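**Student:** Dock chain one against chain two, each of which comes alone in its own frame, and use the hints as you go.
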Amino acid sequence: MSILSEVASIVLNGLQQGAIYVLVAMGLSIILGTLKFVNFAHGALYLIGTYAGMLIALEIRVGGKLREWGYTELGLGWGFIPALFIVPVLVFAIGMVMERFIARPFYDRPDTDQILLTFGLAIIVQESFRTLFGGRSYSFDLPATVSVPVQVPLIGSYPLWRLILIGITVALVILVYLMIEYTDFGLVVRAGTADAEMVRLLGIKITRPYLVVFGIGAALAGIAGVVGGPLYAVNPNIGMEVLVPAFLVVVIGGVGSLTGAVLGGVLLGLMQAFLTQFVFVTPWFSYSFSPWAQVGIYLLAAVILLTKPEGLMGSAEVGT
Amino acid sequence: MSDEPRIDGGTDIKRFRALRDRYEAVKGEEYFVAIVAIIGLLAFPWVFIESPVVGEFLDGYESLASLILIWAIFAIGFDILLGYTGLLSFGHAAFWGASAYAAANVSAYLTGSPLVMVIIGTGIAVLLAWGLGYLSLRRGGIYFAILTLAFAQMLFYMASSVLATYPGSDKALTNGENGFTEVSLDPLLGTFELSSDMPSILGEFVGTWHYGFTAIFTLLAILAGYRILNSPYGLVFKAIRENEQRTEFVGLNVWRYKLMAFIISGAFAGVAGSLFTVHGSYVPLESLYWTASGEVVIMTVLGGAGSLFGPIFGAAVYLWVENIVSGMGIIGPFWHLILGVVFVAVIVLIPDGIWGLPRAIRKLWAYITNLGGGT
Numbered sequence: 000m001s002i003l004s005e006v007a008s009i010v011l012n013g014l015q016q017g018a019i020y021v022l023v024a025m026g027l028s029i030i031l032g033t034l035k036f037v038n039f040a041h042g043a044l045y046l047i048g049t050y051a052g053m054l055i056a057l058e059i060r061v062g063g064k065l066r067e068w069g070y071t072e073l074g075l076g077w078g079f080i081p082a083l084f085i086v087p088v089l090v091f092a093i094g095m096v097m098e099r100f101i102a103r104p105f106y107d108r109p110d111t112d113q114i115l116l117t118f119g120l121a122i123i124v125q126e127s128f129r130t131l132f133g134g135r136s137y138s139f140d141l142p143a144t145v146s147v148p149v150q151v152p153l154i155g156s157y158p159l160w161r162l163i164l165i166g167i168t169v170a171l172v173i174l175v176y177l178m179i180e181y182t183d184f185g186l187v188v189r190a191g192t193a194d195a196e197m198v199r200l201l202g203i204k205i206t207r208p209y210l211v212v213f214g215i216g217a218a219l220a221g222i223a224g225v226v227g228g229p230l231y232a233v234n235p236n237i238g239m240e241v242l243v244p245a246f247l248v249v250v251i252g253g254v255g256s257l258t259g260a261v262l263g264g265v266l267l268g269l270m271q272a273f274l275t276q277f278v279f280v281t282p283w284f285s286y287s288f289s290p291w292a293q294v295g296i297y298l299l300a301a302v303i304l305l306t307k308p309e310g311l312m313g314s315a316e317v318g319t
Numbered sequence: 000m001s002d003e004p005r006i007d008g009g010t011d012i013k014r015f016r017a018l019r020d021r022y023e024a025v026k027g028e029e030y031f032v033a034i035v036a037i038i039g040l041l042a043f044p045w046v047f048i049e050s051p052v053v054g055e056f057l058d059g060y061e062s063l064a065s066l067i068l069i070w071a072i073f074a075i076g077f078d079i080l081l082g083y084t085g086l087l088s089f090g091h092a093a094f095w096g097a098s099a100y101a102a103a104n105v106s107a108y109l110t111g112s113p114l115v116m117v118i119i120g121t122g123i124a125v126l127l128a129w130g131l132g133y134l135s136l137r138r139g140g141i142y143f144a145i146l147t148l149a150f151a152q153m154l155f156y157m158a159s160s161v162l163a164t165y166p167g168s169d170k171a172l173t174n175g176e177n178g179f180t181e182v183s184l185d186p187l188l189g190t191f192e193l194s195s196d197m198p199s200i201l202g203e204f205v206g207t208w209h210y211g212f213t214a215i216f217t218l219l220a221i222l223a224g225y226r227i228l229n230s231p232y233g234l235v236f237k238a239i240r241e242n243e244q245r246t247e248f249v250g251l252n253v254w255r256y257k258l259m260a261f262i263i264s265g266a267f268a269g270v271a272g273s274l275f276t277v278h279g280s281y282v283p284l285e286s287l288y289w290t291a292s293g294e295v296v297i298m299t300v301l302g303g304a305g306s307l308f309g310p311i312f313g314a315a316v317y318l319w320v321e322n323i324v325s326g327m328g329i330i331g332p333f334w335h336l337i338l339g340v341v342f343v344a345v346i347v348l349i350p351d352g353i354w355g356l357p358r359a360i361r362k363l364w365a366y367i368t369n370l371g372g373g374t
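In order, the protein sequences belong to chains A and B. No gaps in the numbering here: position 198 of the first sequence is 197 in numbering that gives the first Met the number 0, and each next residue is one more. No gaps in the numbering here: position 116 of the second sequence is 115 in numbering that gives the first Met the number 0, and each next residue is one more.
Just chain B, with the same shape it has in the complex (with noise of 0.2 Å):
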C-alpha cells in the first residue's frame, strides 16, 4: 500500500511519509514509549479539565484524573496476565483492595507517609498474590478464572465480618460494611502538601502534588510493563498465551511462569489500590467485591486486552462514562447498561478492543482496495 505511487509530487506528503516511515521506526523503542507516556501524563489533566471544545465536552475534574491514572495502572497490571500471558482472573479485587486496606491502616495506626504506604499495600498484595496464585493456578482456563473469582469473594466476606477489627481488640482492620475511614496522610516526604498545587508551571497546568505523584506511578508502571513485556521473560508469558503445551516442551517451566506473571499483575494492583487509598482517604468495602474485579476486566478488554495503552485507555472511558455520564440527561441512568452493551459488542466485533480499532479498521480498508486493485 504504501509504496504505492498514488499522489505523486508535493513534498509537504513526501515530508509526511519521511515523518511516518520515522514514527513506524521508533514507536516501539522504549525511549520513544516513555517521552510519549511523558507528554500524555502531562498534558493530561490540561486536555481533560480545561482545554477548548475537548475539556468542555469531556467535562473532568481533577479528582478523576487521578483516579483514571489509579486505574489505569491497575488495568495495565491486568493486561500482564490477561492479554500477554492469556489467563483471566476474576479476582483482582482481591489485592485491589487488600492493598488498599494495607494502606489505610498503615496511615491509621504507622505512618501517613504516601510513599510507605504504597510500599507496604504492595508488598501485602504481593504475598497474597503469591498465595492466592499457587491455589488457583492449580487448575487451567475456566478453573482459573472460577477460582480466583472464589477466593476473592472468600476475602469479602472475611473483611465484612471476621477481619472488621483486629482479632482480641476492637481496633479496626477493615471495619466491615462502614469502610476504613480514619486514614490520615502527611505531606509527601514531609515536604508537599498531597493536596497543594506543583509549583510554577507545573501547577498551572498539571495540578496538585497529588496527581504528580500518581502519574510518577503511573509512569513507572507504563515503563515496567513495557520492559517485563519486551524481555525475554515477557515473550515466554505470550509463549504461554499462544501454546502452553509447546512452551512446556521446549523446557520452560510453565507453572512457575504464570504464577510470576500473577504475581506481577498483584503487584501492579497493589501500588494501584495503596494510591487509591491515598486518593480517597477511605476504603469502601466494595473494594473488595466481585464488582472491582470486574471493573478491571471490562476496562482492559474495553480498551483492548494485549496492547500497553489499551487498558490506560479502557480504565479513561470507563471512568469517564461512570463519573460523567452518568449525570447527563436521558442517557445517564442506563450508563452500566451502555458498558455493559459495549463491552459485549467489542467482545463479538473488534476483539482487540478500542485501542485495536484503527488497525482494524486500517486492515479492512486494505483488503477493500485490494479488491479495488484487482491484483
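If we strip away everything but chain A, and leave its shape as in the complex, we get (with noise of 0.2 Å):
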C-alpha cells in the first residue's frame, strides 16, 4: 500500500470514528451549553438507541431474565430503515421525559448533584437492561445491503455502512446547526444561553425550547446508537464506555460549541484510526502504536487541555 492510500484510509477511518463521538458529544454539548445541565446518562440515551434499534430491525435470541421468563426470540423484525426512523423518535420522547421529570427539578442543585443524579440513573439503566436481557454480547446485524464493501478510490474496498455512517453525521451536524443558527426557535435557545432570566422578562417560555433542546440532543444520541451500534458487540457497557470519550470531546472542543464538538470528535477519531493503522519500521525492529489507540485520545485531550484550558472553541470565561 502506497503511503497516499494509507494515510486516506486512516481519514476514512478516523472520520467514521469521529462521527460517532461527534454524534453523541452534539447533544451532550448543547445540554450542556443550553440548560447547563450536565448529563451522565447521556451514554444510557445511547445504550437505549442501540437496543431500541436492534429490537425493531430483527429478531434476536435474548438471554437474561427475559429468557427465564419465557422468551427466546424477541424483537419486531422490520428492518433496519424503520428503526433509523423511530428509533430517534422513541429517544427524543424519552429525553423529553427526562427533561421535565429528572433535570429540571435539579436546575437549582449544585453541579455535583446533577452528576450524582444522572450518574444514578445511567447505572438504573443500565442495569436494566443487563438483567432483563444478560450482560452477554449481541451482534447487531446489518442488512446485506449496506454491509457490503464498496469500492473506493485509492483505498479500495471499504464497508459501505460506515460510509453512510459518516454521510447520516454530517447531514445532522449541518441540520443541528441550521436549526440553532437560522430559526426563531434556535434564536430563542441562543439567547437562552446568553441570558435565560432576560429571555423570561421578555415574556417567552423559555422551558419549552429548554424540553426540545434536551429532546433533540437525547434523539442524537439515540441516533448514534442505531448507527454505532452494528459496528461493535451490543452489551449493556457500551453506553459508558462511548459518554467518556464523547464527553472529552465535549471538554476539548468548548462546551456549547457546534464546531468544537465536531472539531473534538474528528479530531481524537483521527487520532485513534492514526494509533491504530500506524507502525514504526525501521529496518532494525517495528513497531505497531496499535495498543496506544485507546491511550492516544485521553493523552491528546490532555495536552489540549493542558495549553488551552477553555477547550478549542470554548470562549475563556466559559466554565470553571
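Hint data in this document are derived by calculation from the structure and do not stem from the laboratory. Mixed in with the good hints there might be a few duds.
Said to hold, decoys possible - Reference excerpt, derived from the structure (chain B facing chain A, CB under 7 Å, subset only):
id : residue
1  : ALA144
2  : TYR156
3  : VAL161
Unchecked claim - Simulated coverage check for chain B against chain A, where a stretch passes if three residues somewhere in it have a Cβ under 8 Å from a Cβ of chain A:
id : stretch
4  : 148-155
5  : 327-336
Claimed, not checked - Covered stretches of chain B (chain A as the covering partner; in silico rule of three or more C-beta atoms under 8 Å from a C-beta of chain A):
id : stretch
6  : 81-87
7  : 135-141
8  : 343-357
These figures come from a predicted structure and were not determined experimentally. Glycine included, each C-beta is placed from N, C-alpha and C at the ideal position.
**Tutor:** Shown next as C-alpha cells:
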C-alpha cells in the first residue's frame, strides 16, 4: 500500500470513528451549553438507542431474565430503515420526559448533585438492560445491502455502511447547525444560553425550548446508538464506553460550541485511527502503536487542556 | 425541645437525660471518636458474623468484614474530597487500582511483607494523585469530574495493553486482562501469619491477623480523617466547599488546597488499594475501571457525604448488598438495580445520606411537634 492510500484509509477510519463521537458529543454539548445541565445518563440514551434499534430491526435470541420469563426470540424484525426513523423519535420522547421530570427539578441544585443523579440514572438503565437481556454481547447485524464493501478510490474496498454513517453524521450536523443559527427556535435557544432570565422577562416561555433541546440532544444520542451499534458488539457497557470519549470531545472542543464538538470528535477519531494503523518501521525493528489507540485520545486531550484549558472553541469565561 | 418539661419525675429519665447531655458534650471529642472506632472495629466481626439474630440476618463472613473495612478506608478518603472539599472525582479507581498493582508488584518481585506493600502502594498512589490532580484541577466543577474520569480510563486502557508487561521484557506488570496473580504474602512483621487467628480472646472474637491488620489501618484512617477535618487546614477545605471565591478573597491559595485535598484522598485510596491486594492476593483489571470509581461514589453518597462515619456505613451497606443480598432468592439478581434506585432516591430525598437520616427525621419530628405546640 502506498503512503497516500494509507493516509486516505486512516482519514476515512478516523472520520468514521469521529462521527460517533460527534453525534454523542453534540447532544451533550448543546444540553450542557444551553441548559447548564450535566448529563451522565447520555450514554444510557445511546444504549437505549442501540437496543431499541436492534429490537426494531431484527429478531434476536435474548438471554438474561427475559429468557427465564419464557421469551426466547424478541424483536419486531421490521428491518433497519424503520429502526433508523423510529428510534430517534422514541429517544426524543424519552429525552423530553427526562428533562421534565428528572433534569428540571435539579436545575437549581449544585453541579455535583446533577452529576450524581444522572450517574445513578445511568446505572439504573444499564443494570435494567443487563438484568433483562443478560450481560452477554449481541451482534447487531446490518442488512446485506449496506454491509457490502464498495470500491473507494485510493483505498480499495471499504464497508458501505461506514460511508453512510459518515454521511448521516454530516447531514445531522448541518441540520442542527441550521436549526440553531437560522430558525426562531434557535434564536430563543441562543438567547437563553446567553441570559435565560432576560429571555423570561421578555415574555418567552424558556421552558419549552429547553424541553425540545433536551429532546434533540437525546435523539442525537439515540441515532448514534442505531448507526454506531452495528459496528461493535452490543452489551450493557457500551453506553459508558462511548460517554467518556464524548465528554472528552465536549471538554476539548469547548462547551456549547457545535464547531468545537465536531472538531474535537474528528480530532479524537483521527488520532485513534492513526494509532491503530500506524506501525513505526525501521530497518532493525518495527513497533505497532495499536495498543496505544485508546490511550492516545486521552493523551491528546491532556495536551490540549494543558495548553488551552477552555477548549479549542470555548470562550475563556465559560467553565471553571 | 429538650428543656420542655413534658415528662416529669422518674429518676431513670433524669439519669437518661444526664447521660444524653454528657454524650452531646463528648461526641465531638477525639478520644470519644477513637474509643467508639476501637470498640466498633473489635465488635464488628462478632456482630456481623456470629451474634444471634443480627448476625444471622446479616449472614456475614470474615473475609467480607475485612473487605468492608478496606472499602471504608477508601470511602473515608473519598469523602474528604467530596463531602468536605466539594469536589466530585470520578477517577479514584486510578489510585485504588494503581496502588493495588504496585503492592502486587512489590510482593512478586521485591518482598512479601504486607507493611512494605502498603507503604509503597500508598506512595505510588500519592504520586499519581499529584499528577492527575494537577491536570484535572485546571478545570473546576463538572469538568473536574469528567477529566478525572477520563484520565482514570486512560490508565485502565494502558494497564490492559501497553503496561501489561514491563517494557522490553515479559515480566508481568499488570498482566492485562487476566489480572495480576503472582502475589505472594510473607507473615506480618516476619512472625504473624495473616491467615491465622490472633492469640487468645482476640482470635476468639475478632478473628485473624488479616482482619487485625486491616482494622488497624481503618482506625488510623478514621483518626487521620478526624484530625484533618477538625484542623484549621480542614476548615479551609470546608470553606472551599461553601464558597471558593470568598476563600480566595481571604487570601488563601485555593488551588493548592484543592490539590492537597485530592492528594490526601488519593493517599487513602492508596492505602485501601494496597490492602485490597493483601486481602485477595489478586488484582483484577477491573480495579482500574470506572466501575470502581462509581462504587466508591455510591458508597460515600449512600452512607452520607460530609460525615466521618457515613461513608463507612455506606461501604458496609454496599458490600453487604453486593455479596449477601445478591445470593438471596427473588431479589438477588436485581441487587445492582436496587442499589441504583436506592442511590437515586437518596440523592433526591435525603442528600445527607442514610447516616443523616436520623437527623432528618429528628428535624421533621421537631417541626411537627412545633406545629402542635402553636408557638
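**Student:** So, against the hints stated earlier in the document, which numbers end up violated here?
**Tutor:** none
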